[in-house]
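Given chain A's structure and the hints, the job is docking chain B onto it.
Protein chains in written order, with this note's numbering: chain A, 1 to 286; chain B, 1001 to 1401.
Bear in mind the hints are in silico, worked out from the structure with no lab data behind them. Glycine included, each C-beta is placed from N, C-alpha and C at the ideal position. Take these hints with a grain of salt, some might be off.
Simulated coverage check for chain B against chain A, where a stretch passes if three residues somewhere in it have a Cβ under 8 Å from a Cβ of chain A [said to hold, decoys possible]: (1) 1201-1211; (2) 1241-1252.
Calculated cross-link-like contacts (lysine-lysine; reagent style DSS-like; alpha-carbon spacing at most 25 Å) [said to hold, decoys possible]: (3) B:Lys1306 x B:Lys1088; (4) B:Lys1171 x B:Lys1206; (5) B:Lys1140 x B:Lys1345; (6) B:Lys1269 x A:Lys55; (7) B:Lys1331 x B:Lys1079; (8) B:Lys1306 x B:Lys1359; (9) A:Lys55 x B:Lys1306; (10) B:Lys1229 x B:Lys1172; (11) A:Lys55 x B:Lys1391.
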Amino acid sequence: MEQMLVNGVVLAVNYALIALGITLIFSIMNILNFAHGQMFMIGGFVVYYLYGIFKLNYFVSLVAVVIVLGVIGWSFETFFFRRMRRMATREENSMLLAVGTALLLENLALSIFGEKQRGVPPVVTGVFRIGTAYLPAGRLLVMVLALVLIVGLLLFVQYTKLGRAMRALAQDREVTHLMGVNVDRVAAYGFALGAALAGLAGGLLVTVFGVNSGVGNVYSIKAFIMIMIGGAGVVPGAILGAIVLGFVEAIGYELLPGSITYLLIFTGLIIFLLLRPQGLLGKPWG
Amino acid sequence: MSTLQLRRRNFLVGIAVFVLGTVSFGGSTYAQEVLKIGVLGVMSGSAASWGLVNKYCAETSAQLYNEQGGFEIGGKKYKIEIVPIDDKNDPKLAVSGAERLTKQEGIHYIIGPNVDTTAASVQPVAEAAGAIYFPYAFQKTLYSPPHGNAVLGMIASYQAGPIIYKYLMDKKGVKSVSFVARNESDPLNQRDEGVQAAKKLGLEIKSSDDTYEPGTTDFFPVMSRVVGKGADLIVLSGVAPADAPLLIKTARELDFKGTLSTETAQDIKILNEVAGAAAEGFVCVGGASTPEIRSDEMEKFVDRYKKVAGEWNDEAGTKVYALEIILATLKKAGPEAINDVELFKKSMPDFTMKNPFLKEDKELKYVGTAYFSQPRQIGVPMVVNQVSDGKFQALFVGSVE
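Chain A extracted, bound-state conformation:
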């Protein structure tokens, strides 16, 4: 029982960090970033090379992740999505473009990084006992760092000028533009921030799970599940979705045999979406 709760908390925090980036991009630009998992994967590889191979300080490597993924996110928005937004009349076009960027990143990664699973030395070692439960120090560190990042992001979005502009853009693009906000610039920063968050999640979790070129889609799917539960484009919704998914997964694997857990998760999700398509915290009008 205690192990189940510990597993649930750890999963929920990790998942929250993954879901936040994708919901941020969706809220600002109304684009479901299919390449989110691939950005997570690239973050993992940046840390693998800088910390694992070139032996740079782990936290310096995380800063590099923010820069690399920030530039990738900014470039995607500036050179691909902005142009698409101006030219295309149908929303499906940006969705297809997002799928294309995911395939591009995955195949580039396969060519550059190879097919093998990679791992890095642990940043901290040891295992803590909490009652009868085990919590490795590496997981605890990731959980603490993820919590700091989540709180930091919430404060940034709530209290900074750029954060307020992002929230305004999420609510109404036209009105934001009329208020004198450079919406293109804010959208590019928003995409960069979302990509950096995905990369940071990858950079944190590579110390626990390792990384490989094909891992992206799995994280994208989990991120989609979370934002569907919590409500697409709602930051607290992403966190709530992560908590629900993390605990359902932990409880399911503990109490149910086989892969009934994910069968139940997907069945439950279908029923839930039939009853509340906007998610727990989303608004019916979008």
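Frame of chain A, contents of chain B only:
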């Protein structure tokens, strides 16, 4: 001679050299026959290493032969051309890939696919097109009559499992076992075969219904349950090289003190990088060419493989055999067999050659009659390894008949 005349002469000489060079180069290229070999398997996504290792092995061997002027069959040297197709582990793509290889490319010999579902889907295409294929999937019906076009490329889990369990019972006093498998056809079949083998040997089965979804990276929830059963041995059925170190690490973090094993081949670099010291004592089937038993020819192959793929992969020690045995069997069956696989099949029962990848003087032949009622398996050595001080140490080397 004026400068202009000199330039004109140099120009004409240049043209003549170019034309002659092109004619002679083109002439030699077109004179040589090409033998195309298909590689069909998963080359992207989380299981990419399985298919890519097949591709890299075939490309490496082809390079080595082509540098010597090609491979000789019936007194004629053939340039080996590898045609790879990624099936993404999807049966639909495997079917379309097999159709492309057999119908568009006219290929009769295919290495792969990698799993039961894709191998089974390719079966009707290969049989209708008159092609032989070498899957790395363990489903017995693929290789048993009335089917005869598939040849298993490696040691199956139901061949290695009982031997590993018996060894662990005798040497480590293992009395009980738990199984955990990925929720996919191949690993689940391997788990079921493993459970049957363990029961026959008298092991107590503590649990066998725990599975995880493909793509899982956090194994704490599923392994909490498995470790909680208190078995002496946890078998990771059909585990992929990407998942094995994470499962091992998680089991050790959950204070599991027993033995962990699998019947699939793993990669020591991945185990060391991801699981670290937690991988010590892990038992697995090895690539069939571990450093202790390699011949000079295998060493040469390893060096070239590193150039082709970037780094060595232990799986390649097993997968190096497929192209080698295809070419050697074609040599025995004669050039007509290149387009007529029935001639190839007729040569299989009596085919034998010196194993070029082993130091010792051992035979390489088709085996598997005891399992499939016909010789439809490459007789690669069965190497069982244990991780010791961050390296694979061969526990024993056996064979399948």
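Going through the hints against the structure:
With a threshold of 8 Å between beta carbons, the proposed coverage of the stretch 1201-1211 of chain B by chain A holds, since 3 of its residues qualify and at least three are required. Chain A is given as covering the stretch 1241-1252 of chain B, and this holds because 4 residues of the stretch bring a CB closer than 8 Å to a CB of that chain, at least three being needed. Between B:Lys1306 and B:Lys1088 the alpha-carbon distance is near 24 Å, which keeps this suggested pair within the 25 Å criterion. Proposed proximity of B:Lys1171 and B:Lys1206 is supported: the alpha carbons are some 20 Å apart, at most 25 Å.
Using a Cα cut-off of 25 Å, the hinted pair B:Lys1140 and B:Lys1345 holds, with the two alpha carbons roughly 18 Å apart. Taking the CA atoms of B:Lys1269 and A:Lys55, the gap is near 17 Å; set against the 25 Å cutoff, the hint holds. A C-alpha spacing of about 14 Å is found between B:Lys1331 and B:Lys1079, which places the hinted pair at or below 25 Å, so the restraint holds. The hinted pair formed by B:Lys1306 and B:Lys1359 meets the criterion: a straight-line CA distance of about 21 Å does not exceed 25 Å.
Our distance criterion of 25 Å between C-alpha atoms is met by A:Lys55 and B:Lys1306, whose separation comes to about 24 Å. Between B:Lys1229 and B:Lys1172, the direct Cα distance comes to roughly 19 Å. Compliance with the 25 Å bound is thereby established for this hinted pair. A distance of roughly 22 Å separates the Cα atoms of A:Lys55 and B:Lys1391; the hinted pair therefore holds under the 25 Å criterion.
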